[in-house]
Each structure stands twice: as C-alpha cells, then as structure tokens.
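Protein chains in written order, with the working numbering: chain A, 1 to 212; chain B, 1001 to 1283; chain C, 2001 to 2258.
Incorrect hints may have been included.
[What the hints assert, rightly or not] Simulated crosslink set (DSSO-like; lysine-lysine; CA at most 27 Å straight-line):
#1 K1283/B <-> K1263/B
#2 K1018/B <-> K195/A
#3 K2235/C <-> K1131/B
#4 K2225/C <-> K1124/B
[Unchecked claim] Away from chain B, derived, C-beta distances all over 12 Å, residues of chain A:
#5 T26
#6 F94
#7 M204
In short, the hints are calculated from the structure, not lab data. Think of the CB as a built atom: it goes at the ideal place given N, C-alpha and C, for glycine as much as any other residue.
Each chain, letter by letter, is given below.
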Amino acid sequence: MVKKKTKKKTKAKKGIIERIKSEFTTVAIVMIPIAIGINQAGRLIHQALGLPIWLDTIGTIFTAMLCGPWVAGVGGFLTNVVTALIYGRATSVFFGTVQLGIGMLAGYFTYKGWFKKWWQVFLGGVGIAVTAAAISSVIVVFVRGGVSGAGIDLVFGFFLAMGQNFWTSIFASRFLVEILDKAVIAVFVPWLSIKRLPDRYARMFKYASKIR
Amino acid sequence: MAIVKFKDFSWTYQGYKKPTLRNINLSVKEGEFLGVIGRVGSGRSTFCMTMLGLIPHFFPGRIKGELVVDGLSVEESSIAELSTRVGLIFQSPDTQLTGAGTTVEEELAFGLENLGVPQKEMNKRVKKMVKLIGLESFRNRSPFELSGGQQQKVAIASVLIMQPRILVLDEPTAQLDPLGTSQVFDLIKKLAKKGITIILNTQKINYLAEFADRVAILNKNKLVKVDKARKILTDVKLLRRNGIIPSVYTQLSEQLIKEGLYKGSLCLTLGDAKKMIKKVVKK
Amino acid sequence: MPEAVLISYVKKKSFFHKLNPLTKLVLAVCAITLSFLLKNFMYNLILFFFIIPFAYEAKLLRQVFKPLRYLFIIFVFLFGIQSFFYPFRETVLVQLPFGFAIWLEGLLYAVDISARLLVIMVYGYLFVLTTHPGDLVSELKERGMPHWLGYVLITTLQLIPRVTSQTEVIIEAQRSRGLETQGSVIKRLKAYTPLLGPLFMGSVQNAVERAMALEARAFRAECDKTRYRDVKFTKQDKLITASSIILSIIYGVVSWLL
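Based on the sequences and whatever the hints tell you, model everything.
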C-alpha cells in the first residue's frame, strides 16, 4: 500500500514538470524575447510620457495572458537579466524577482479563468499591484536601502516623516506608484489586444481562449 | 521517382469550415523545379507549409489524404526530422533570421547545432555556405546589418546547410527591392543547376519563366492545373481566369499580334522577346 | 542613464578578456555575494578598490567606474532619507530645527548600503564589459543550460537595440506631430497609449513567423546539441575560479573574526 502511494506521488510530480514543459511550445518560447522587447518599448514610452505609468511589465503581462505563468515568469525575470547584461547594472537582476512575480501571478489568474470580465481584470490588476509593491519593497530595502533615486523616494520620505513605520511607508509608497500602472494600463492594454486578436493567431496560444 | 507526392490531400485549419487545401494530387520528381502561382488567398502559402510538416504539427487542424516527402509520411514524422529533407524559406527576411547567432556564421550554424552536428563538420559546411552565397566579407558581421536581399540569402543558406533534398520557397522576394530580388533569384538559379528539387511560390512570373520546369496553378484552395512551364505561362486565358497577370513579354507579344505586327507564338522570356523584336524590325 | 549605451561589451586584448566567461561570472558573483555578507562597510570598500588591478589589466580602468554616475542620484536620496528617518535611530548627530535631526545609525546604514552598491555595480560592470554575450551563452549551454534559453538570451540581446531605436523613432514622430510630452496628463495618455495596441498585434504575428523559422531549423530536434562558438576553459580559469571562491570565503570569515 505504502509503496503504491509513493509511486503515485512521484508520478504526480513528474506530471507537473511535464506540464510546465508542455507550456514551452516554440511560439511560447519565441514570445519571451518579444515580451522583453515590449517591456523595453514600454519603458521608453514611459520616459517620454513622464508619468508614473511604468509600462515596463506590459510585455510580461501580455505573455502571461497568452502563454501562462511559467513562460511569463521566465520572460519577466529575463527582462532584468538582459537589462543587466546590456547596461551593466547588476542590481537589475535582483529586481527580476518583481517581474517574475508579476508574470506568474498574471499567468495564474489567466489559468484560473479570472480574466474574463473587465472588473475581474481590474481586480487582478490591483492584486498584481499589491504583489509588485510587496516584492519590490523587500528587494529595494535589501539592495538599495529603500531608495530608488526617483520621485517615489519623496513619497517614501513623506510617509516616514509623518511618523509611519518603515515597512508601511515603503510598501505604501510603492503601492501608490504601482496602482495606476498595474490596475489600469498594464493589464487592460494587453487584455483588450488579446480580445481583438484575429482567431488564426489566438489559436496558436494555449491561454488566449481563457480570456476571450 | 517522385520525391514529393500529394495524394487526395486536404487540409482544414482548426476553427475553419472550409478546407484551405482541397484534394491536392501532385507528384514532384527529384531535381525538378516546380513553380507555384495563384492569386492571394488561393492557399499557396499553406501549400508550401505542408511539406515541412508545419501542417499538421505546428498549426492545429484536420488532414485528409496523404503527403509523402522523400519517403516520409509527413503526418507521421516530426518537423525536426523533415527539416533535414525539406528546407522552407519564408517571405520576411527579418523574422526568419532567428537571431540565435551574433554573426552570419553563427546564424548559419544554428540548425546544425540543433541537430547535434559535430563542430568540425559544422565549420566545413558553414565555410561552404558562406562561399555559396558570396558573403565572405560579411562572415563575422551581424546578420541584422545586411540588406534585405543579403539577409534572404543568409536565410536560404541557413536551411540549405542542413542538406535538404528539397527546397521550398514561399514568396522569398515579396518584401525585397529589385536588386535584392535579382540577388535571390541568382542564388535560386545556381541551386537549380546543382540539381536540388525546388518548389517556388512566387508572383514574379518573369523570373519563373526562366527556370521552372513545370508550373502549378492554385485557385480557390484547389490545384487547377500543372503542366510544362511554357505551356501554362503562355496560356493567357488560363492565367487571367485564375487571377494571374502574364509576363510582360507575353503581354507585349499579345499586343503586337493583336495589332497585326507579329505573327507567331506568344513570347515568355526575354530571349523570346528579342527574337520577336528582331523579326518585327526586319519587316 | 543615457539609452545610447547598448551592449556594454568592449573588445580589448587582455588576459582578463580571454578568461572563460564562467570564470569572470564566478568572480563577479563571489564579490556580489560577499558584499551582502561582510561585517561592515570598510570591508566592502576594500573589496571595491580590489577591482582596480583587474580593471587595469583589462584596460578598462576608467570605464569600470562609469556606473558610479548612476549611483550618485541613489546616494543623494539614500543619505537624504536614511540619515533623517532611519527606523532604528538612537543617537543624534546634528540637531536641526522643527524636531528634525541627522542620526548616527541612519548615516551608518546609508554608508553600509552605499559601499555594497559600489561593489555590486563595478564587479557586475567589469563582467559585462569584458564578456561577449555569445561566449557566455555558449559556455552556459555547454554546462547544461537548456538550448532554448540560450536562443532566448542571444535573440533578446540583438532585439533590444532594434526595438529601442524603433521606439525612439515613434516617440520622435509623436513629438513632432505636436503630441506634447508636456501637456496635460490626459493629453499625454491620449498621445501614447494608442501606440501600444499595434505593438501587441504586430508582435503576435511576428512570434508565429519567428516560431515557424525556428521549426525549420530543427529547433525541436531531440538530440544532444553541439555548439559552433568555441569557448575554452583553461588551467588558468580553473585556478582563478577556485581562488575566487576560496579567497571569498576566507575574506568573509576574516571580516567577522577580526
């Protein structure tokens, strides 16, 4: 009896690995560089806009909605690895975990079929904002003592000056600057694009049907 | 011996009601040069994708009938297996360069790396291919710095390096300028002379007329006719019925015949046109 | 940081350049890991200056300190915020009006983080400056990294500069059309968000075409892969890798024992 059970367990484990592997179809793999490219384009548009809309995870979230959590997680993390390799900024790799979290969460929501109605997408976006703020708070303290060298630091400083607790301050400041980007632009633009995708392309992506 | 054989072959993309290819019956002999023509949306691109097995292994859908390529049933073989027998070239030079290599040489070697070909053999074949496409001085440059025509030649070489016996080209010059187009056709001509089986989907009738052995017309997802290149390409009625504009030389001779200036058969190539003009001028 | 600097690799003839990418990676990872584990900032500063002989040998002494420009802004904010509001503040260093003060603990914390950042930045940058990404990926694949991941890395590195220049062209076009980047928030959003839609649509078609091209190159073949780009792991590499690891451990332990 006991032997049988362990056998079943290993079988189930294998099943998960096989399932993850099966998500990495050729089209999904090709989506990874493209997602990173979209993130980069988004980042540049953000700089031109000069608004706290980062746009640098839109490619990751787009991939999550098309190819699921694992592919999007890899794509998100690699976005920062590539930034590190291109600009020589090693700290960027640590922040890859934020992208990883966003990709996997957005992919998980898609997998669960929670991205069908617009209000679900909005809630999902809020969830992503919370996750992004939580992970980035930890990383930014760990790597840079809590500061980013940008406007967000003033918000952080303001909360601290108001007598808020250190972690509350950093999380609140991060959440404030994430929410507009994540709950509105970064989820809705990819979502609407996938809704409008011609059938013949949508069919090539396993997860697109969970959204449309 | 037929190297490619379609037998009552039909293909319907998933989610489509009507088949994109319907009851195709066709044999291509080894070493033959087959041209494929037809209007946009006639199923030509899909036809090209069948032989590498992108249909049915890459695109979801339903197959009927049978397709055998170099002794392999396409339905039962993997794309990787078929890729050493069939080389497939697409329209866009930009998207078919994989970017897996930082130099022209590495881009060429990518397919061989995937097949696990030993390094020594890879070096030999890369050298040969660089020479074949005449890009020796660009060996160590990034493929993305090349012109469209040069990129397309790199793309052709990067599948040829896997030593397929059949080369299928799906509108390889559709996105190129005239110079790039002639560069690519020069290469295709060179390959045809080497005896590799070539299936070329193109709208450039002028070029096709020069070296195709046979031409197939596709229309409304069906194979309308296959015959000797000259016979098909000078059958103006047939061409027009299927939405294809005849070669400029054919049109010229048609006009001259109509105006009573020339009595003879329709021209097809530049050579024909020269002869015709000599005759007309003599008169 | 200026966007023009893409792919930092600088080709030079030096012993350091010729080292195996993994050797250089191990060195960088050792230094970066150490920077988190060392007892205090003094040890990190020593580690920071320890890069000089390597950078000098690689003929990149000046370049290797370039990221410091980017760090400068971070330092300003870091000192600005932490010396005033550090949560575990106890000792007042300078008393300021309105109840503000500069705290010793905050200042030390900022110094600690700064020293660590210096180490992370320069060692990471030296690695990137001296390592061709092609060599790195080739070596990693040889050591068991999945070959698709190698494809993804190299392709992305080549794609990013192109995406960057294409996007800059689009932004420039929007600007010259009078779609101001300085107008009201709504105006600016209206100017740029429509650019994103086509980006997504085009990318999907692009992905399908690229995937077909990969399939045509036997991307999915199930066999042991070989590599075209040859990278050697010499005795010197072995020696430097081993000594990087051993010296790092010793230095880390010493920092806590002294």
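Taking the hints in turn, this is what the structure says about them:
1. For the suggested pair K1283/B and K1263/B, the alpha carbons sit about 11 Å apart, so the restraint of at most 27 Å is met.
2. Only pairs whose Cα atoms come within 27 Å are accepted, and K1018/B paired with K195/A is accepted, the gap being roughly 24 Å.
3. Between K2235/C and K1131/B the CA atoms are separated by roughly 37 Å; this puts the pair beyond 27 Å, and the hint is violated.
4. For a cut-off of 27 Å, the pair hint linking K2225/C to K1124/B stands: about 17 Å separates their Cα positions.
5. With a least beta-carbon separation of about 7 Å from chain B, T26/A fails to lie farther than 12 Å from that chain, contradicting its non-interface assignment.
6. F94/A, annotated as away from the interface, keeps every beta carbon of chain B farther than 12 Å; the closest lies near 27 Å.
7. The beta carbon of M204/A sits about 8 Å from the closest Cβ of chain B, which is not more than 12 Å, so the claim that it is off the interface is violated.
Against the hints set out earlier in the document, violations occur for numbers 3, 5 and 7.
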